[in-house]
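Knowing the structure of chain A, use the given hints to seat chain B on it.
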Amino acid sequence: MEVKATMAGSVWKITVEQGQTIEEGQDVVILESMKMEIPITAEQSGVVKALKVNEGAFVNEGDVIAIIE
Amino acid sequence: MTHKNIYDEKVATIKSGGQEKYHRKNGEKGKLFVRKRLKRLLDEDLNIEDAFFANCMDGALPSDGVVTGIGKINGQSVCIMANDSTVKAGSWGKRTVEKIIRIQETALSLEIPMIYLVDSAGARITDQVEMFPGRRGAGRIFHNQIKLSGRVPQVCLLFGPSAAGGAYIPAFCDIVVMVDGNASMYLGSPRMAEKVIGEQVSLEEMGGANMHCSVSGVGDVLAKSEQEAIAYTQTYLSYFPANFRQKPNIEEAKATKQLKTTISDLIPENQNAAFNMYDLIDQIIDEDSFCEIKKKFAPELITGLARIDGRSIGIIANQPRMKGGVLFPDSADKAAKFMQLCDAFNIPLLFLVDVPGFMIGTKVERAGIIRHGAKMLATMSEATVPKISVIVRKAYGAGLYAMAGPAFEPDCCLALPTAQIAVMGPEAAVNAVYANKIQELPEDERPAFIKEKQAEYKENIDIYRLASEMVIDAIIDPEKLREELKTRFSIYESKNVTFTERKHGVYPV
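Protein chains in written order, with UniProt numbering: chain A, 1 to 69; chain B, 1 to 509.
Hints in this document: simulated from the structure, not taken from any laboratory.
Just so we're clear, the structure is a prediction, and the values are computed from it rather than from any experiment.
Warning: the hint list may mix true and false statements.
[Unchecked claim] Under the rule of at most 30 Å between Cα atoms (straight-line distance), these lysine-lysine pairs were calculated in the DSS-like manner: (1) B:Lys363 <-> A:Lys35; (2) B:Lys451 <-> A:Lys13; (3) B:Lys39 <-> B:Lys10; (4) A:Lys52 <-> B:Lys295; (5) A:Lys4 <-> B:Lys296; (6) B:Lys247 <-> B:Lys147; (7) A:Lys52 <-> B:Lys247; (8) B:Lys437 <-> B:Lys480; (9) A:Lys13 <-> B:Lys363; (10) A:Lys35 <-> B:Lys437; (11) B:Lys337 <-> A:Lys4.
For reference, chain A alone in the conformation it holds in the complex:
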C-alpha cells in the first residue's frame, strides 16, 4: 500500500525506518506545511518496504512517501 502526502509541504521528519513493522494509524512521516506539523499516518498495518522521500524534500499532494506491505 502506498502512503501519500495529503497536502503540499516539506518532509520535516521521517518517523519510521525501512523494514520496520508498523501499526495502522501510526505516523510515517511528519510534513511541514502552512507552518504546521502534518502527521501522515499508515492506513493499514504492515512492514515499511520503501521510503520514497528524504527529510527536507518538497512533496506535492498525492506524492508517494512510503510503501507498506
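The following block gives chain B in isolation, referenced to the frame of chain A:
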C-alpha cells in the same frame, strides 16, 4: 370467488413485490425487500399507505414500483417514499412519479420529515411522455424537494443505484446515507461514458459509495450494510425537530465519556504540533452522543451533531491532525452545508477553533478557494441560531472569520488560555514584516533577530491582551469548558433574531 377472496389475493400479490428471481438477486447482494426495509426503519410499520393499488390493472407492476405512506421513527410521523427494485428495477413510470409527488405534497402540508429510500434504475423510457416532461412529471419531484428543503428534514437512504436525473433526489436531501458496494450515483453510467466520451471506468470509480463519501462529497455517510444505514438514520433524526418551526427535543442529559486525560493534557504547548480534536469533543459532549456527518470527506474539518446536557448542538471543529486543520475548498463547502442544516432546524452551533487559515498556493486558487471560503463565511454569518465560538489554540487570518470570529455576531467568543488570535502565526508574520531586514543581516545574526521579533509578536497577540481589549468575551478554564457551554447554550435558547430583510443574498455558490 367472493369479493373478499379477490381482495385478499390482490393484496397478497401486490405486497410480495416483483418476481421471485429479482428477490433472490437482491438477497445475494445483501439487499432487503422494500417492505422489510420499512419494517426495520419504522417504529412499527407504515401506519398509512396510499396508492397501494397503483397500476394494479397491470399485473407485472405492483404499486408501480414504489411504496409511499406515513410511519413513525422515534415516535415522530414521517413521510416515506421507497423504491421497490424487484419491480422493473425500481424504475419510474407515470404513477410512480405521481405517487412520489403526492407524498412530498403531504410532507409539505403536514410539515413532517420526508424520507427517501432510493433503489432505482431511473425513468422507464417507454413511459417517458407521461412521466418525464410535464407539469407533474419527474421534474416536479425535484421542484418539491427544493420547496421542502429547510422546512422539514429530508433524508436519503441510498440502497442501490440512483442514476441520471434520479441522482438529484439525493442531491437535494439534507443528508445521504450510502450502503457500500450497492449504492451508486451518476449522471451517465460507465457504459454510456465509454460510448459518449471514450472513458473506461468501473461503476465504483464513477459513482460508488466510497467515492461519493470521500471524494465528491455528494454522499455524507458510508454504511457497511443496510442495517447500519437504517440505524444511522434513526439516530440522526433524533437530533431534529419535525420542521423548521419547532426546536429539537431535549433528551435525558448524560455525563461525558469516562476519560483519563483532561483538556489541558490534550493540547500541546507547541501551537504547530498536531493533536486529535475528537479527544477534545469527547471532553465536552454527552457520552456517545456524537453523530458525525461527512467523516471521510475533507477530514481537516469535523462536522457532527451532538448533545450537551441533553440538548442538540452542531459542532464544527478544525482537526489539526489532518492537513494541519487548514481550510480547503472542500472543507469550506462541508462547513457551509452543515451550518445551513443546523440553522434551518434550530440546532445551535459550536465552533471549536484551531485553524492556521485557508490554504494558499496555485492549486487552491485555481479551485476557487476564495469563492468557496466566501460561501462558508456567508452561511456562518447568516445563521441565527445560538452560536458559540471557542478559540482552542490558533485562529489565524480568515480562519478566525470563517469559524465565527467576534465580528460575525456569535453570542460569545470564548478562549482557552492556549488561544492565539492573529492575522498570521509568529513565524509567517516576522518573515512578512522583516523579510528585507533579515536579508540585510549577516547570516549568523539572523536566528537571534527572528527569535526576538517572534517573542515581541507573541506578546502583542497575547490572549490576556485580547481579553483586556474585549476582543473575546471570556477566557475559560479548560476543565470548566463543558459547564460553561451548558450554561450558555441553555441561556441562549431564547435567542430570536432575523438576520436581515430582503429576498435573498447574492453570494458565490
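Hints numbered earlier in the text: which of these fail when held up against the supplied structure? Checked against the structure, the hints that fail are numbers 7 and 8, while the rest are satisfied.
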